[in-house]
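Based on these hints, arrange chain W on the given structure of chain R.
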Amino acid sequence: MNQESLLAAALSAVPRLGTRRLAAMLAVQQPSKAMEMLGREAPSVQDIEAMRQKLDDGEMSVTYIGANDYPALLVDDIARPSVLFYRGDLDVLQQRRVGIVGTRSATAAGRYMASHLAHDLAGQGVAIVSGLARGIDAWGHKGVLLALDRENKDVSARDSHCGQPIAVVASGLDVTYPKENADLWKFVSESGLLVSESPPGTPPEAFRFPLRNRILAALCEVLVVIESHATGGSMITVEEAQRRDISVMAVPGSPRSLSSAGTNLLLQQGCAPVVDATDVLVALGLDNRRNHPQVFDSRRTPSAQDQLLLSHMRGEAVTLDQLLMRTSADLVQTALALGRLESEGWVVNNAGWWEVLGRGCLQGYGFIDGNYRQVEH
Amino acid sequence: MAFASVRSSTLLGVQGKAVDVEIHVGMGLPGFTIVGQPDEACRESRDRVRAALLSCDLPWPNRRITVNLATSVHERKGGAGLDVAIAVGLLIVQEILPHEIAERYAFIAELGLDGTLRPVAGVVPLVAAIDDRIVVVAQDCEREARIAARNEVVCAQTLAHLVQCLIGESVWTPAPIRTVVNVAPPSIDMKDVRGQTAARHALEIAAAGAHHLLFVGPPGAGKSMLAQRISGILPALTDAEAVATTIVHSAAQIPLPATGIITLPPFRAPHHSTSLVAMVGGGAVTMRPGEISLATNGVLFLDELGEFAPTVLDALRQPLEDGVVRLARAKSSVTMPAKFLLLAATNPCPCGEGMPGVCVCDDGAKKRYLRRFSGPLLDRFDLRVAVSRPHVDELLADTPAESSAAVALRVLRVREMAMQRSGCLNSDLSPDLLDEFAPLTTSAAALLRYHLERGRLSGRGYHRIRRVARTIADLHGVVDYASDPSCDHIDEAHVATALALRVGVHPQLSGDRL
Chain R
0 MNQESLLAAA LSAVPRLGTR RLAAMLAVQQ PSKAMEMLGR EAPSVQDIEA
50 MRQKLDDGEM SVTYIGANDY PALLVDDIAR PSVLFYRGDL DVLQQRRVGI
100 VGTRSATAAG RYMASHLAHD LAGQGVAIVS GLARGIDAWG HKGVLLALDR
150 ENKDVSARDS HCGQPIAVVA SGLDVTYPKE NADLWKFVSE SGLLVSESPP
200 GTPPEAFRFP LRNRILAALC EVLVVIESHA TGGSMITVEE AQRRDISVMA
250 VPGSPRSLSS AGTNLLLQQG CAPVVDATDV LVALGLDNRR NHPQVFDSRR
300 TPSAQDQLLL SHMRGEAVTL DQLLMRTSAD LVQTALALGR LESEGWVVNN
350 AGWWEVLGRG CLQGYGFIDG NYRQVEH
Chain W
0 MAFASVRSST LLGVQGKAVD VEIHVGMGLP GFTIVGQPDE ACRESRDRVR
50 AALLSCDLPW PNRRITVNLA TSVHERKGGA GLDVAIAVGL LIVQEILPHE
100 IAERYAFIAE LGLDGTLRPV AGVVPLVAAI DDRIVVVAQD CEREARIAAR
150 NEVVCAQTLA HLVQCLIGES VWTPAPIRTV VNVAPPSIDM KDVRGQTAAR
200 HALEIAAAGA HHLLFVGPPG AGKSMLAQRI SGILPALTDA EAVATTIVHS
250 AAQIPLPATG IITLPPFRAP HHSTSLVAMV GGGAVTMRPG EISLATNGVL
300 FLDELGEFAP TVLDALRQPL EDGVVRLARA KSSVTMPAKF LLLAATNPCP
350 CGEGMPGVCV CDDGAKKRYL RRFSGPLLDR FDLRVAVSRP HVDELLADTP
400 AESSAAVALR VLRVREMAMQ RSGCLNSDLS PDLLDEFAPL TTSAAALLRY
450 HLERGRLSGR GYHRIRRVAR TIADLHGVVD YASDPSCDHI DEAHVATALA
500 LRVGVHPQLS GDRL
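Going line by line, the protein sequences match chains R and W. When you line the first sequence up against numbering that gives the first Met the number 0, it's residues 0 to 376, in that order. When you line the second sequence up against numbering that gives the first Met the number 0, it's residues 0 to 513, in that order.
Isolated chain W, as found in the complex:
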């Protein structure tokens, strides 16, 4: 029988999809055709497979070869990960390998012209898509492949070696000896931040409740310095989060840490020239995940928020609400995770000073500057804090401020408290959960009513303030939920703090009311 079907998988977005590579060799003019919507890299595998077979002294059938990439849905298939599957299929057709091989193994690797097996992008999700076979991968990505594998993973070095292993004449390359790598703690620490009490508090609240945070301040005030220190106070990822994050990073071909799996929350800081597609994901065939997906379960830091293209910023609005990004193209649509903590920094106005009386920008210039970030985006920041340059005495002070470790402890405690209480972080509390888990005292409700009536808060802002107030109350340890769930009210003080940490970014223009 001149037919074989070998299992492999392709990548779409951050998800692997099992593909049956069907190979038929028959009469006709010698030729090689790949059908089933292959992309360019996939089509080129013809040349790679032929060269690899010949380099390994394996025969190439001089007949008409047709390869079909069969999946349950009609989608373009991309990548070079199907090379080995095609090669094995050809060997099965020529009866160099037995037919049962196809039933027991799946192959995910690219072939070099000399027959070496090379790693491919997105091995984690690719392997995860195979559920009932032993998966053969290149040696370099063996560790990565095991992260999400549901069954055995083996690796071979060359095509010749692979053939020998499959027919039992050689043994699979043994797994490299694991050296335990200690993840070095981040070298940047909160204790380097002098002064800036309010900004530090805001950072702590943001980390504890996963609230989005915007720093507004003059150049040199330490906005970026503060933002970078959030990594040090966020707790390590849970197992499920770690796998989800690793899958996205693998799919985007980002080198994984030495441990193989990402255990610390990612911190992505794309430059402000980042394009829309780079930010939310997309692109040709494989739909590469964007920065927002790479920041999943971590932090997306947008420095100089005002310099980003407005379309890029507005594209963040839907993922910020839903925690996922849904991309649709003519040929495919994908859903990728995008549950991140948005951290941003901006100057208040073109001259950068912003301080009333010092700023030299006139209303027109300010208006034009502020048009760059839309109101709806600003409304999604739970915390908006004005950062000022630290005082000289504080800059030169010898006493270090509180260290990241101490802050991280509180953050962890609040996060655990929130999970235990409501099953989600404070920023994820829905309005009815808010009523249940963050009831307001009379005075707190009056304060919020005052601001709602004056138009300072939107409906969304109202809920966001309540969520932040919940986190502030948790951080201040007013409530020991375990001992007394009834005294769990949000106080006026917490609401006032939440309001003070959510200032209007738009400077008052002469047309505004006082």
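This is chain R alone, in the form it adopts within the complex:
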């Protein structure tokens, strides 16, 4: 690592030196000059050595405004980060990039959508940007993981034409948060790019997440919101994206589901809807009509009778009680059908509530004998 990067890293850890002031300083001079300007406030030799140790231990790289490798995407950003810590390869930012964000308390259907969308987009060479939070964020990157696995069992991630994962996190890169995403954290830094503007050792403090979201938004070409409450982190990301003229798309959900309140609001306000990867690819200007058809949906087509049951379950999660009420069918027959659908992966039981894992079939429509057509009632 060169000395200037190290000094920039040390400067970013100086208390009372905000990112905005540091950015203004680094925009006009090298970090070594900025050190001199700071005088007594400048980090000591010990601080710098400690930072070098941390960066080496955490295998982190550093870039700063004015450095040759500072991402071009961020150079002209309205709130550009002064210093960026990263693991992985900054060249990933050269790929087409789609952000996938959403609530932490997602429905099973939402998680399914996130991972499938990310999987399909990654299969088309689109990098997936997300925040590695619980819920939708994590499931988006799980989809990428699956795509990379499928695409190249033996080719290394760097050589494949698959989209790669990009994650922007709020804490220091050596502070994994949340803990359960440790595997994904590792996966992203090994096969893609893991970025943070917080120096190593920074805890995941609440105020850092909205700040993180601005970088996340700035790195996307298109931002897709899978599920979101009417307020929350995803909506902050959406605002940041809109400030930067980045197009925002949303996945429609049931009007009765609070987890879709935010996305439905966005749709009301004129955002484009997303029901599958094609919608996003079209927004990116990538025409995939001539590509080979998707093979990911390997689920066997349910019988007409099971289709009917599925049509009663669309829209929102239902309990067995509600389902029996809607269909007025026999408990045993319904249970049998649910068992069939579950083993084929069409529905999932989420703590007693059944959810349909669909590809956005409209009410009353379904696959019959392999063709998508109206289901007879």
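The reader is advised that the hints may include incorrect statements.
What the hints assert, rightly or not - Residues of chain R clear of chain W, computed beta-carbon distances all greater than 12 Å: (1) Asn1; (2) Met34; (3) Met36; (4) Lys53.
To be verified - Here are some of the chain R residues that sit facing chain W, going by a computed Cβ distance under 8 Å: (5) Arg95; (6) His311; (7) Arg313; (8) Glu315; (9) Ala316; (10) Leu319; (11) Asp320; (12) Val331; (13) Ala334; (14) Leu337; (15) Gly338; (16) Asn349.
By construction, these hints were calculated from the structure, which means they are not laboratory data. Remember, it's a predicted structure, so these values are computed and weren't measured experimentally. Ideal Cβ positions, reconstructed from N, Cα and C, are used throughout, including at glycine.
Relative to the frame of chain R, chain W by itself:
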């Protein structure tokens, strides 16, 4: 001879133990000592006995009195039920009563200061412990005393009256005239439950096979309402069950019904602040039976399961498997019956909604909430059903649902069928009995294999599903065992229903697989 030995009994857990109260009156400074590990109530009988004797104009020997409580084992003896035995012993020593009295009678009652005989707790097991003598009890518990008595039971009103009866100068208080009391049917009925088809089915299956049942649902969904209605669909107790249950209730000093014996399955619903000892039993000297023993042959309903202390819930695990609870303390150990149907209700998460898309709890909050009930406890519920709020149309519908009486009939039929087939209820089928009485069809086995391979079922869960499937098959009348025992296979449909009624309670967290 200044010595007498009078038979009485003391209580430990739910069992009476015969005690020989030995009395010696001799030279020395006047005094009264009780030896043989008496407890506080027992030690105080000195004052009660003295006051009672004097109130009845009976003499008190002004010499050195030693009372020994002799049993076959060294254990603390508790309770005030030995009072009359001590008093009678003193009278025998003073030759007011003949020595043969001690050979023919046993005494179980407390004394009031005015000499009245008072009832004591646990008369049923106390009387049952005496096998070869006529038992004298207080009038108020005469009916209770006869439930498990192996020989004659008589009662007297005061100590003076007792003495007269014993020497033949008076007659025993006659048994009060029995008025036949009809046990009122429970006023709560299944027909009040609107909608909730799956939950109703689950309740019926639970009652028919004695399967443990957990309701999960938002507040106001009717979980508690449903649970309370299980009493109405359970069959009445058999004679043996009734006696066993009555003994436990008597030992715990719970007022018995007007008929004297408990004939309906008990329904115990302890509050969630219940302590460990109150739940499983224990406590000082007498080891009072806990809620799980009081629910024997009936239902233990734990509302708001998540609010119970985790230690209390985990203490249920062993009794749930064994049907008895074994308590050991430094001075004694007891085994009490605890064969109950566990019924529980809980909210799915802190906000109570649980429905994906409506619930606002994040993963951390859900995890913390779910840590309250351990996996092993949840695994012991054969049926776990999500209950949702009934639809408005159903709530306001005029047509009542099926009544408890109709359901109870089916439950009784299935229970009889199970007893006739395997000699036990379906929930008690051991794995080898399961193979014999609930063989799986190929498709049913394949379905179970699928879920076992995906890790959705544990080994215990696998057997539990098969037991529930057996009950479901019985309820659906697919099998007429009497006519054709060979076609007794469990179908895929029954297994699927059992699986659908045993949902995972843990909401999926972002780390889980889909």
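So, going through the hints one by one against the coordinates:
1. Asn1: holds, 39 Å
2. Met34: holds, 41 Å
3. Met36: holds, 43 Å
4. Lys53: holds, 28 Å
5. Arg95: violated, 26 Å
6. His311: Status violated, d = 13 Å.
7. Arg313: violated, 13 Å
8. Glu315: The hint holds - Glu315/R has a Cβ within 8 Å of chain W, the shortest such distance being about 6 Å.
9. Ala316: Constraint on Ala316/R satisfied, holds at 4 Å.
10. Leu319: This interface hint holds because 4 Å falls under the 8 Å limit.
11. Asp320: holds, 5 Å
12. Val331: Holds. Min distance 5 Å.
13. Ala334: At about 4 Å, which falls below the 8 Å cut-off, the nearest Cβ of chain W leaves the hint on Ala334/R intact, so it holds.
14. Leu337: This interface hint holds because 6 Å falls under the 8 Å limit.
15. Gly338: Given a least distance of 4 Å, the restraint on Gly338/R holds.
16. Asn349: holds, 5 Å
Going down the numbered hints, you'll see the structure goes against 5, 6 and 7, while the others check out.
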